[in-house]
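Novice: Protein chains in written order, with our numbering: chain A, 1 to 98; chain B, 99 to 588.
The set of hints was computed from the structure by calculation and includes no laboratory data. It is possible that some hints are incorrect.
What the hints assert, rightly or not - Computed far set for chain B versus chain A, every beta-carbon distance over 10 Å:
1) Gln123
2) Lys163
3) Glu327
4) Pro334
5) Ser348
6) Ile371
7) Asp439
8) Leu441
9) Pro517
10) Gly548
11) Pro583
As the list claims (entries may be wrong) - No farther apart than 16 Å at their CA atoms in a straight line, the calculated lysine to aspartate or glutamate pairs in the EDC-like style are these:
12) A:Lys90 <-> B:Asp437
13) A:Lys90 <-> B:Asp424
14) B:Lys435 <-> A:Glu96
15) B:Lys435 <-> A:Asp83
16) B:Lys479 <-> A:Glu51
17) B:Lys479 <-> A:Asp83
18) A:Lys34 <-> B:Asp515
19) A:Lys90 <-> B:Asp439
20) B:Lys485 <-> A:Asp58
21) A:Lys84 <-> B:Asp424
22) B:Lys486 <-> A:Asp83
23) A:Lys34 <-> B:Asp384
24) B:Lys486 <-> A:Asp58
25) B:Lys486 <-> A:Glu96
In this text the structure is predicted, and so the values were computed from the model without any measurement. From the three backbone atoms N, C-alpha and C, an ideal C-beta is built for every residue, glycine too.
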Amino acid sequence: MTRITTDTVEQVADLSKLILSDEELAGFQEQLDKIIGYFEVLNSLDTTGVEPLAHPLDLRNVFRQDTVEDSAPREDALANAPDKTDEAYKVPVVIESS
Amino acid sequence: MPELIELSAGDLHRKLMAGDVTARQIVERYLDRIEQIDGRVGAFNTVTAEAALDKAADIDDRLDKGEAVGPLAGVPIALKDNLCTRGVPTTCSSRILEHFVPPYDATVVERLQRADAVLIGKTNLDEFAMGSTTEASAFATTANPWDLSRVPGGSSGGSAAAVAAGLAPLALGSDTGGSIRQPAAFCGVTGLKPTYGRVSRYGLIAYASSLDQIGTFSRDPRDAALLLEVIAGHDPRDSTSAQEPVPDYSAELEKDVAGVKVGLPREYLAEGIAPDVEAAVRAAADTCRGLGAEVIDISLPHTEYAVATYYIIGTAEASSNLARFDGIHYGRRAAGKMDVDELYSRSRSEGLGDEVKRRIMLGTFALSAGYYDAYYLKALKVRRLIKKDFDDALAGVDCILAPVAPTVAYKQGEMIDDPLALYLADIYTSATNLAGLPAIAFNAGTGEGGLPVGVQLMGRPFEESGLLRLAHAFREATDHHLARPNLTED
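Construct the complete structure from the given sequences, taking the supplied hints into account.
Specialist: Pasting the structure below:
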């Protein structure tokens, strides 16, 4: 059985872009270990030769004409941004100038 | 005039059209009741009183001029707060979206506007629809109108409580693993989860995209039919929405149910079900027999694997969908000077609640290198087996009668510290979403503590009509729907 250690939780939190306090880490370790331990009930089932099913409907590619349509006005698109200029989202510096 | 609060959505609309009442009178009555009752219930995150009164005035004005109005004209409706409403805050009951005001309407909202329904507010939910008690809301706890010390269920608990408390005749919710049906059962109202793809998900803030479906809350199946007619249908903006034609559900409702074959799955009446819930299901089976239906014992052999399969797939999809909350384009951003990577992490960590973090991490784990095959891929294979169970069963019966939740509504705080126990209580609802099937939950009696007990009917894809018809016939044959929670106005 896969044991979920605090190391695993730290790795998963990192991949999830979450920062956990020591207390949260301990709490989630215990819960995730229990829940993922429960997931292993699926291992008792032989699924040899069973095709995975990602979606309940018989989906096909949906095509449409590539026509030009109005998109949201820039003002609307920026309205909820926590930090912005008149025309763009503002983010911390990603590439330092030399 | 009969008390407006007691009227069905259909009757409210008919009274409006007959000139017996104005849209303004209807809306004012509901707003007044919300004012008096919702302090105790806490169904709403936002009440859109001003916009509702404007809409009512517009409807009355058009009626005065003899102009046409839509099929839901004058009917107030509450919307789960994960459905985007242009100009009205849409929070998902999350700190990260606390101040988010969508620049567009969800397709269902557009359709409701066109039908002249009156949007009266946005309802509370478990944060991002992840939960089954509405206690995982970042803002407030919603109370069950039947017993204010209990939960309304979830995640669409606010919508269910609003309809049960007479704060709205109609509401919309979303159902990913039972989030419409379970709160409908806990609150004694009718909750319809349509077939996956029946209703456009455009503008529904995504939790798990292959499982999410928007559906209805109402006091009875007739109103569910009326509302489904308005919201169902293909939408080019949701490529998973179905091309199937939308039947006249209201007309279909009246057809006879004699000879309908109803399956009773033995795995749903096994260990773990509370005696009062089992009794309600068996009594409902007897009622169906009395209506001329044939009740047949069936088997859904992979039922015990549904919860694990649902939580692996649901959380995997959630971990991907919720990656968009990064503090850049909208939503909460962490304060202070930091690099962009830290900005993402801090914004998410401050803005998301524990249950959401738990599910994001579960999903990230199930999709991560080294675990993908053992968890995610395995769950997709079991999903195929679960769907096949339903395909096989529904080849022999027209629909399946089942419990919704193993018990009546929990006490507040009773379950919230034990996530796995709460997950396990999704045993009767989550398989339906994995298979994409329609299901309707409705009140079928009273259980422990005088609380409502719900049952559900599940059916073949796009056969909502049959479910609505049998649920309607059940209602006509019983008087469970006459019970009301005891909520006196101030």
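Novice: So, for every hint listed, does it hold in this structure?
Specialist: How the hints compare with the structure:
1. No beta-carbon of chain A is positioned within 10 Å of the beta-carbon of Gln123 (chain B); the least distance is around 35 Å.
2. Distance check on Lys163 (chain B): its Cβ is at least 31 Å (rounded) from any Cβ of chain A, clearing the 10 Å threshold; non-interface status holds.
3. The claim that Glu327 (chain B) is not at the interface with chain A holds, since no C-beta of that chain comes within 10 Å of its own (minimum 21 Å).
4. Separation of Pro334 (chain B) from chain A is inadequate, the least Cβ-Cβ distance of about 7 Å not exceeding the 10 Å criterion.
5. At roughly 26 Å, the least C-beta separation between Ser348 (chain B) and chain A is larger than 10 Å, which holds for a residue marked as non-interface.
6. Every CB of chain A is more than 10 Å from the CB of Ile371 (chain B) (nearest about 19 Å), matching its label as outside the interface.
7. Not every beta carbon of chain A lies more than 10 Å from that of Asp439 (chain B), the smallest distance being close to 8 Å; the non-interface claim is violated.
8. Non-interface status of Leu441 (chain B) relative to chain A is broken: a Cβ of that chain comes within 10 Å, the nearest being about 6 Å off.
9. Against the 10 Å criterion, Pro517 (chain B) falls within the reach of chain A, whose nearest CB is about 6 Å from its own CB.
10. Every beta carbon of chain A lies more than 10 Å from that of Gly548 (chain B), the smallest distance being close to 33 Å; the non-interface claim holds.
11. Residue placement check: Pro583 (chain B) keeps its beta carbon more than 10 Å from all beta carbons of chain A (closest about 34 Å).
12. Among the hinted pairs, Lys90 (chain A) with Asp437 (chain B) is consistent with the structure: their alpha-carbon atoms are about 12 Å apart, no more than 16 Å.
13. Using a Cα cut-off of 16 Å, the hinted pair Lys90 (chain A) and Asp424 (chain B) holds, with the two alpha carbons roughly 13 Å apart.
14. Pair hint Lys435 (chain B) plus Glu96 (chain A) holds up; C-alpha atoms about 15 Å apart against a cutoff of 16 Å.
15. Note on Lys435 (chain B) and Asp83 (chain A): the hinted pairing holds, with a Cα-Cα distance of about 13 Å set against a maximum of 16 Å.
16. Simply put, Lys479 (chain B) and Glu51 (chain A) have alpha-carbon atoms about 6 Å apart, close enough for the 16 Å limit, and the pair holds.
17. Between Lys479 (chain B) and Asp83 (chain A), the direct Cα distance comes to roughly 44 Å. Violation of the 16 Å bound is thereby established for this hinted pair.
18. As the CA atoms of Lys34 (chain A) and Asp515 (chain B) are separated by approximately 13 Å, the hinted pair is consistent with the 16 Å bound.
19. In summary, the hint linking Lys90 (chain A) to Asp439 (chain B) is supported, as the alpha carbons are separated by about 14 Å, within the 16 Å threshold.
20. Proximity of Lys485 (chain B) to Asp58 (chain A) is assessed by CA-CA distance (about 12 Å); at most 16 Å being required, the pair is judged to hold.
21. Taken as a hint, the Lys84 (chain A) and Asp424 (chain B) pair is honoured in the structure, with Cα atoms around 15 Å apart against an allowance of 16 Å.
22. Distance check on the hinted pair: Lys486 (chain B) and Asp83 (chain A) sit about 50 Å apart at the alpha-carbon level, beyond 16 Å; violated.
23. A threshold of 16 Å between alpha carbons decides the hint, and for Lys34 (chain A) with Asp384 (chain B) the separation of about 40 Å lies outside it, so the pair is violated.
24. With a C-alpha separation of about 14 Å, the suggested pairing of Lys486 (chain B) with Asp58 (chain A) holds against the 16 Å cut-off.
25. Distance check on the hinted pair: Lys486 (chain B) and Glu96 (chain A) sit about 56 Å apart at the alpha-carbon level, beyond 16 Å; violated.
In the structure shown, a violation is registered for the earlier hints numbered 4, 7, 8, 9, 17, 22, 23 and 25, in ascending order.
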